[in-house]
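The residues making up each chain are set out below.
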Amino acid sequence: MSDQFLFATEVFINGLMAGVLYALVALGFVLIYKASGIFNYAQGVMALFAAMTLVGIMEGQVPFSHIINAIFGTEVHHFGWHVPALLAILLTVGVMVVFAWLVQRVVMRHLVGQEPIILFMATIGLAYFLEGFSDLMWGSEIKTLDIGLPQGGSFLIEDMTAGLGSDNFYGFFIDNLDIVATGIAVLLVMALVAFSQYTKQGRAMRAVADDHQAALSVGISLNFIWVMVWSVAGFVALVAGIVWGTKSGVQFSLSLIALKALPVLMLGGFTSIPGAIVGGLIIGVGEKLFEFAIGPMVGGATENWFAYVLALLFLVFRPQGLFGDKIIERV
Amino acid sequence: MLDAANTTDVQAETLLEVNNIEVIYNHVILVLKGVSLNVPKGGITALLGGNGAGKTTTLKAVSNLLRSERGEVTKGSIKYRGSHVHEADPADLVRKGVIQVMEGRHCFEHLTVEENLMTGAYTRGDGKAKVQQDLEMVYNYFPRLKERRRSQAGYTSGGEQQMVAMGRALMSRPETILLDEPSMGLAPQLVEEIFGIVKDLNEKEGVSFLLAEQNTNVALRFAHYGYILESGRVVMDGPAAELRENPDVKEFYLGMSDDGRKSFRDVRSYRRRKRWLS
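One line per chain: the protein sequences are W and Y, in this order. Per the numbering used here, residue 1 is the first one in the first sequence, and the count goes up by one each step. Per the numbering used here, residue 1 is the first one in the second sequence, and the count goes up by one each step.
Because the hints were derived from the structure by calculation, they are not lab data. On a predicted model such as this, the values are computed, not experimentally measured, just so you know. Possibly wrong hints are sitting among the right ones.
Straight line, CA to CA, 30 Å or less: simulated DSS-like cross-link-like pairs of lysine-lysine [what the hints assert, rightly or not]:
#, chain 1, residue 1, chain 2, residue 2
1, W, K200, Y, K250
2, W, K143, Y, K130
3, Y, K130, Y, K146
4, Y, K250, Y, K96
5, W, K200, Y, K130
6, W, K200, Y, K128
Only chain Y is shown next, with the shape it has when bound in the complex (with noise of 0.2 Å):
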């Protein structure tokens, strides 16, 4: 894993840089307080932190999916190589080889598995022969898929629901995929399978990855760089193999601190030790 965060030190190009921001639900409820961060090219960055903490909101703001919510960014920048995307219809991204993967899955209920994947190929205009390559490829990181291509994705598993989301958004040939909670109520050994398919594409494909987790000692193991966040702010950031040997987050989000596991009752969060602390 060391070396994997060793490669993002050579000055990779950034592909999304968000710069600041404050997004502001139904103009008073204040939930992002500055939230900086920046994706490189080929990386998979991590967003970590608890209920609530704005992981979220952040994917949304980049995706431009706020404002269905009725949600705001009222300060700073995004910007998608180089130019700013803050105005940008979800569907222009997408085009410009953004695109999210929501909490929660999102799959059409009503079509089926194979439907649901050609919706991500919606946007795409380049023949319907390069199209059903893509298609081969998706099933060929997820082979469930291809068995259950027939039936509805509403009548799937959870984990096959999870692989549709994901790829239908490989369909629309993406640079980057903002991947929001992959592990949102899957068994563990599933979610190993998720995030190895994640770590696959990213190395095979070339996909950059943007992903909110709250699993964090699987997110850590997985990406290469990491920001933590609480109550709207990013309030640690570092490559994620040093990350995880930090004595703060190893006891406030890994459970675990130099005199062995802690009992759930004293994990606390890690602003408020540091205020008592500074």
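Isolated chain W, as found in the complex (with noise of 0.2 Å):
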């Protein structure tokens, strides 16, 4: 095999790994449009929050030790423990879960039945409450998040493919974070699948999503809903979170990988769980790709655009993206 082919190869490899990270971080996305039409603005901060209560809570942080420190004086800022990953996790759970319900409470219960620009406005609100409001908890310095996923060059799969170009090949380079993201990834999709498909709260979800007025009329609690809905999608922004904060430290700039989600969505659709993965992985795979072949023409940094103007395309030619519900209209 000609070496240009095995880097093409390598490349097209960490595109679909880098393509599942983009399609987590979209799955919440989907997840909370889906149930409430609401585009929420807020998903990439929820990673944030999610990421940072994580650390927090691992390293034993005093929440909001500054304020605290200031109030009276005193200069407390760890408890001097140290929580494993596996219940820290647990408890950022149910953080998320006490978040959702308060978006629920004091947000979005007051405006049932408002136009979806309003809604949307009111999740960019939030966003930028929540971020003030992660700092102040934990406060605002980049901290690195370690709960035991592996990482580095994975020395396997670099031994096992060194062999098959000529000398100047070494192997396939692949993370092996990345390899552990793509499992926990089909995971929590197989996982959300099971949920919307096969229980009864996954019905009523759909049911929710598709008619309010007819499930409020079945007796379904739209109030129940949306907190779970909000709930998972939490939950999704701690698993993404995890996931990049690993990668790349946890900090302010782990909000803006939401940005790099609205491609996803545009090419998968916004109400489409597996939509959101396909989209995840032909942006990531396209964009390594088109680096890789015309990066070197154009000076490079295509990864910079390239996703959004394959969503521009997309927009233009099948508006509600490759897997998006149609609008069921009878004849």
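Make one complex out of these two single chains by using the hints.
Below you can see the structure in the form of structure tokens.
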């Protein structure tokens, strides 16, 4: 096999892995959009908040320590204990559920029946609030997140593939974290699909997505379903936060991954869980291969805009995305 | 039909008691100006009237679906089995046995027919076996739904969607169904079929109905008792058989008069005519 082909294959595989990470973020959007028709601008910040909470709990940080110290003149920063990763994750899930309940109780409940644009604006406000709130709660310094996920290149894959090409080829470089992330994403999607297809609450969730009024009329509590959906979205945000936080540190820029999810959603459709996955993969592979093949000709950095241009094309020719719900119209 | 009317004369227990309610939308639009009605156990009660008379609003006031449309009951009381349900959640009402089948079907389009039916059992906690049993019961009444159980509800015909909506309501094991405009957009033959099933459900399963309907003719043939609404007020009520023989109802709602069928031009509203006469 020629080296060029092998390099392209390596780029392709890495693109798939990157795509999985995009898909993880996009999933959270899809869940909330499907069930309530709200485009949740705060999804990225939720991932940041979840990751910061996880780090904070693991390291035994005192929440709001800056405020407490400023008011009482104390110097508390840490409880002095470390919480094991698994327990910390469970506690963070709890925090995200409380957060979901508060969002519903304080914000969304008062906006039932309003225009989508108003709900969207509300989530923008929510995003900025949450951004400041997480800094206030856990401090704004960059933190490292290590819950024991493997990192660095996989030597196994490198050794196995090294013999394929000429002497110049050293084997595929694939990050262990990406492999684990793929596994996590697959599990997460399977769990989500199973939940929404085969459980009573999942069915109710889809019913609410189709028709609020009718769902209300058969006795489904919209409040409960929406708290549930925001909780699940919070959980997905936590998973995305863990993977991205492990990769690039827990810091403000984590919330910007939401921007990468936008083209993914336009490709896959805002209402489809499989769409989010496939959209993520197409964008991941597309931008890596494009950078590999065309990048050198135009001076590189195509990864910054490729996804958006692709999304734009989709908006023109297939606005509901690849897998978006078709609007059913009987004639 | 006369004997059907007679059976309700035997004082049946009153399930639903609506007492002089007033409904205002958006804080300004007065839609109901004092509507009172009773739904007896085991009866089919029809709520008749033209467009905008307030039939749907009355039903939604009972099932408490008004709030999500910015409507509000500002006066009067609504009691179910003697207890006030004015502030109750729609979900509480479904648990109490009152469920609404909304106008225009409102199926969950992207769910299959069977999934639609299963959502009706959402509030139930009496085990899967019982729910499965009721699913079979629903398929018994609507055999056509069994054939189409796996298709997306959005792709079924209007008649089938009406059946889905009714079957979905049945899955909650209701005592009273508030049925809004079941004949809307359906062929006359299908309307007969749907009303036949309503009658069956009423007689065999003991479900009471409060039925809003524009098709006065069909409704009065199947109902036991009728209320006629005009511009947010009850203008007339009585046993269905009597209403059908009433000359005013005949003229204004059934389009008949002593000198045979009238042309549409001459059919005016009942109240307007009354005002002229009094």
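Check: So which of those numbered hints doesn't the model satisfy?
Finding: 1, 2 and 4
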